[in-house]
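Participant: So you can see what is in the structure, the chains are spelled out below.
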Amino acid sequence: MTDADVLRRAGDASVLILTSLADGPKHGYALIQDVSQFAGVRLGPGTLYGALDRLERLGLIEALPAQDRRHPYRITAPGVAALRAHLDSVERVSAVGRLRLGVAGA
Amino acid sequence: MPGRLVAAVLRCYPARWRSRHGDEAAELAEFLIRDGTPARAVALSYLCGAARERLAGRPSRRVAAALLVAAGSLGAPLTLLSAGPAAGAAHVSRAPAGRTGTRTARPGTHGERCTARPDRASGARPAAARPGVPRAAISGTGRRHGQGC
Chain W
1 MTDADVLRRA
11 GDASVLILTS
21 LADGPKHGYA
31 LIQDVSQFAG
41 VRLGPGTLYG
51 ALDRLERLGL
61 IEALPAQDRR
71 HPYRITAPGV
81 AALRAHLDSV
91 ERVSAVGRLR
101 LGVAGA
Chain S
1 MPGRLVAAVL
11 RCYPARWRSR
21 HGDEAAELAE
31 FLIRDGTPAR
41 AVALSYLCGA
51 ARERLAGRPS
61 RRVAAALLVA
71 AGSLGAPLTL
81 LSAGPAAGAA
91 HVSRAPAGRT
101 GTRTARPGTH
111 GERCTARPDR
121 ASGARPAAAR
131 PGVPRAAISG
141 TGRRHGQGC
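In the order they appear, the protein sequences are chains W and S.
The first sequence runs contiguously to residue 106 in my numbering.
The second sequence runs contiguously to residue 149 in my numbering.
These are calculated hints, taken from the structure and not from any lab test.
Since this is a predicted model, take the numbers as computed values, not measurements.
There could be a bad hint or two in this list.
[To be verified] Not the full set, but computed from the structure, chain W residues with beta-carbon under 8 angstroms of chain S:
1. G28
2. Y29
3. G44
4. P45
5. T47
6. Y49
7. G50
Cβ atoms here follow ideal geometry from the backbone N, Cα and C, with glycine treated the same way.
For reference, chain W alone in the conformation it holds in the complex (with noise of 0.2 angstroms):
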């Protein structure tokens, strides 16, 4: 991985919540729900908000204006990029482990 990559250490629930701020913005609990459903996982509330703070101070994210109660997030240029390298890094990784094991496609 390389030092672009910032969000190597950032953990799952960034990478995560990034993916799912890759097609539009989302407040709280559309995250949680789109990101059940593209990776089968459930983020907790409170890693939830964690992450969002973690990758706003970042700058990764930005709040938008309050709907209701709700702030929706969106991605930032420094996210996609960030998300990009990170995706890349990611799939250089997973190449390798699939030429050694061996796995049809690499």
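Go by the hints and put chain S onto chain W.
Facilitator: Structure of chain S alone, referenced to chain W:
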């Protein structure tokens, strides 16, 4: 009653966090409980989050310690409470195959529970029960992965 439990746990967060996320977090808890997530699981997740928040900010050691004890007594492994990336990685639970989105995160399940049990598969007895094993070798630092908090 479930709402009161979650509300009580949300009060464990710092005021700064509550003013930012408090209302939304309470609403989110309502939705999750309505969807079938046990209120206790929601409360425990928030409790762990509150402990992490307290530890990550200006830590009030007494408050953080109290939250850690409370979360630990509810079955949360202490590794989940650290502010590091491992916490974020560990505190998600995988939905069973074929049931995506229908099962709630229950801290303490899917390998998250922190238990000290003898190795049943091998029939090994705990080190403390084996003769000839010095106590110094089994206290604190000698834990194996997944066997202790």
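Participant: Next, verify each hint and record whether it holds.
Facilitator: Hints, verified against the model:
no.	hint	in the structure
1	G28	holds, 5 angstroms
2	Y29	holds, 5 angstroms
3	G44	holds, 3 angstroms
4	P45	holds, 5 angstroms
5	T47	holds, 4 angstroms
6	Y49	holds, 5 angstroms
7	G50	holds, 5 angstroms
Figure legend: structure checked against the earlier numbered hints; every hint is met.
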